[in-house]
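Participant: With the hints as constraints, model all of the structure from the sequences given.
So the chains spell out like this:
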Amino acid sequence: MPEGAAAKKPAFPAGDPFAALPDAILQHILSFLPAQPAVLTCVLARRWRRLWEGMPGLRITAANAPEPPCAPDDLVSSGELREFVDHLLLLRSGAPLDSCEFLFDVREDADVPHVNLWIRHVIRCQVRRLMLSITREDDPGGICFHVDNLPLVSRHLRRLELYDTELNDSFLDFLGCPGLEELVIYNGGFERAKRISSKSVKRLSVLDCSFNERRRTLIDVPSLISLQLEDPWDRTPVLGSMPFLVAASVRLGTGSITSLDWCYSSDSGDCGDKQCQGCYGLEGDNVNDGISNGTSKNKSVLLNGLSEAKSLVLIAESRKGPEHKVEINGRYSPMEGSAAISENLRIIEVKCEVVDEGVLKVLDFLHTLNIISIMSKKKWFWSKTDLVPRNCTKKWKVSFPTKNGSLSGSGGATPAPLPSIMVEINWFELRAAASTTQPGVYSCSGASSTSDFSGKSVVTYFFLHPSGWNSSSFGRAAGPKRSRLSTTGTRRRGTSVKVSLVLEECSSYLYLTRSPLRLLPPQLLILDLAAVRVRQLPACQPFDGMHQRSHAGGVDWISALPDAVLQHVLGFLPADEAVRTSIVASRWRHLWSSLGRLRIVWPDRWSAPDFRRLVDRVLLGRDPACALDEVEFVGRSVHKDTHMGARIRHALLCQASVLSVLSYRYWLDGSALFSQHLIKLELVDVFWNGDLLHFSSCPGLRYISITKSYLRTEKISSQSVERLCIKGCYILSTGRVHISVPSLIWLHLYCFGTKAPLLESMPSLKTAFVMYSVFIDDRCDNGQSGECCGICTICRGNDSYDGQCLLLKGVSSATVLQLIAPCGMVFAHSLTFILFD
Amino acid sequence: MEVDKGKGEAEETRKVAEADRDTVTLKSSDGKLFEVSKEAAARLSTVLAGMIAGGSIDDNGTDLKQIGSEALENVVDYCNKHANSIPSAALISSSISFNTAPFKEPEEWERKFVDRLSHDALFDLVEAANFLGMERLLDVTCHKISEMMKGKSPDQIREVFNIKNDYTKEELEEIRQELAWAFYDD
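As given, the protein sequences belong to chains S and H, one line each in that order. In this text, residue positions in the first sequence follow the working numbering: the first is 196, and each later residue adds one. In this text, residue positions in the second sequence follow the working numbering: the first is 672, and each later residue adds one.
All clues given are correct.
Cut-off 30 Å, straight-line C-alpha distance, at most; resulting in silico cross-link-like pairs (BS3-like, lysine-lysine):
hint: 1; chain 1: H; residue 1: K783; chain 2: S; residue 2: K922
hint: 2; chain 1: H; residue 1: K835; chain 2: H; residue 2: K821
hint: 3; chain 1: S; residue 1: K961; chain 2: H; residue 2: K752
hint: 4; chain 1: H; residue 1: K752; chain 2: H; residue 2: K698
hint: 5; chain 1: H; residue 1: K752; chain 2: H; residue 2: K821
hint: 6; chain 1: H; residue 1: K840; chain 2: H; residue 2: K821
hint: 7; chain 1: S; residue 1: K903; chain 2: H; residue 2: K821
hint: 8; chain 1: H; residue 1: K840; chain 2: H; residue 2: K823
Treat the hints as calculated values from the structure; they're not laboratory data.
Facilitator: So, in structure tokens, the structure goes:
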């Protein structure tokens, strides 16, 4: 950094080379630095002060990272790292992230949920490229970091790189990331992952990953163009159909014996047991049913997916096996041919170090196809097939009544916009759809212009488009999710399907509950229906369509309210209670994450670390796309919380217009608050230091109320504030405090301190209540018995009214004035000026 | 401040329809008629203000098909009470009530107003307020509902509001783990 260079000979004698560069370029440069030195640049010069906040990239790394690209000096302990990253994420501006890298080692188990929270947060910050290289060096359970068990939902994510990561089915279900195109998994753990599914990924690299010993992982990535699969350990994964595949590079079994695709139930590696999932699990079971192109009878691990590659490099290396030379005695047999392999296949290149029985089997099989020659140094050729259009014959219009949860379909109708449906698609209700309607194309359309509280108008219009209704073709073999599916399956027998939803020709947006108020662009989009639901909402604007509620007893009143109203209700609850409502019912699950009003109240019995964790999780766990209008922090007396300043700033970054801070009794430091959106500030029972009381960077601030607080400052200033109430406050200052609020209309001032404050000019003041109580040190030694002499600096303060004592000059324009001051103070003189001026 | 704005709007409205009466007649879904002062209606409801300004007010009763007579009676009652309460909220008082645009705690009369409502009427009123764009009434009613939820466990909330638990046990366990930070030894 330039700082270090300053001591030596300057590298740029001509002056600051950065001076000419625009901020965006500087931020771009900063984003290549590890986050910690990047943040430290704020001390370089005034211009650099806030640059880091808008960095488009974050490289979160620590000295304990396996290979830190640029080791920071500290952040050695996990506590330091945690504190730093929390601060970083809370304080950086809401600018979308281009790239984010996590490179560090997690030492403590307690940090794992914290790190997962960071990952979720950056996903919400619209990150486009995400890299996770998080290790667990000290963990006896393996060095891989366990990601949490929730699917990622982001329309911005383009590239995802996972190093040393222990994966699971939910995380690898990328149906919620319609823009994800590149996926790199290096040394990933697939022990618990049965499938990778994405409809959008075009380039996939799975390198050096360990798979399960007993069953095969399905890679279901139909849009794939390029595939790199190298050195899978244990069971080789099964490739689903990949009709667009252009280039594939597959290398198997170069490692030790443990890397072999080997069945441990037998000595030979092939158990012959039809029940063995690893060996025979491909035929007709759940794993392979996910491939929806009718090739479920295919027994091949790799060929199903690879058959369409234009360029294929297949390398099988094995140290074991009998040393045969290649002998092929096959013949063309259409009966034994595979549907997965094209008739167009003419030439095959097989490269192998040693040909063993396995290779021979492959060759033997290949010979049953009508292949003219099998030779080395040739390539697979494959003519590109056209994409077969989906079997769309009928169109259905599905309406979604709210009451009984059932769906009705009517055939053949062209989807007409329904005036007042806010569409959220619920897996439960869609299952009902499956039971009442026939296979085919289901479309459902709705347009709504429901003005919710944030004033956003959500218009929805989409097609529901599953390609078939059987439980297997959309089945997601998710671990913990499965139990839920089977339970509901017993309730509605035979209809427990999860359906992929294809959104086509969206004229506008979709309203998703998993990430409420996130608007998705009109583009082909595939969703996991577990995440969304359909519900009719009362409309606000046209008078028709308002929901008619049944008035019978025992009704669920609250569920009839629209989400926006429900969120309004939850906004009045303390944040922890609002979060806890997520277990009331599935509709409530994610309501809390998009509340417009947060009341973060220290609950009884909670310890300080628990409460701090709550505050961080609530702030980082909410959806940043949803503006936060009102924030209230209610602390508890003297517990010191060094993060409080960061949290307040984060709330302001979330565009809070009302900020309340109550009961934080320790000195809160920091630079002046900065917000375009803040309108009202309320402080009760807090200790605030000087710079925080300068509000020149809050141009919209109009109301300030400070009650029962300690203020250590020399000046309280704002250009915009119209109403100011300082009540029961103790002001600590060395000299006289200046209150400089020129736009003030209404003033209530009742405070104590060493010296009475000086009110600067307030030309528009209408009403003022000023009560000066005990100011212990406010006596003039020049005057008689401590009264004001009117000429010394103590009396005048350092105001600009030369020769006159006008502490109260500011209130002189008020039409209503109550002034209470104990006698013997400096005001006697001042008052006469006001009254007779 | 809200008061000032309201008065300003009302004055504008008066200019538009100087000759008209100073009340509007609203008709509920079951045909009952209610009168409310035009000034209060315009000040408290964005929808009614829009209709008054747009001249779509019917002298024989503006049809509000979606609001039952009970709810509409409460709405009108609220408008009238709100009009009466203005002097107490005037600026020249020793109380330092900040009458700002964002939410402030319900006043005593507002509390009483929502407290006497039955469950059913309260939720009707929420919908009516939402429908008519009456922000303050929506705030007050939603605040009331939140007080009914406050301090209750999810199980109790389900019970109070008759909400059907559509989670499975496994899901509940999963969510509890995910949100363990919000649950404190329970």
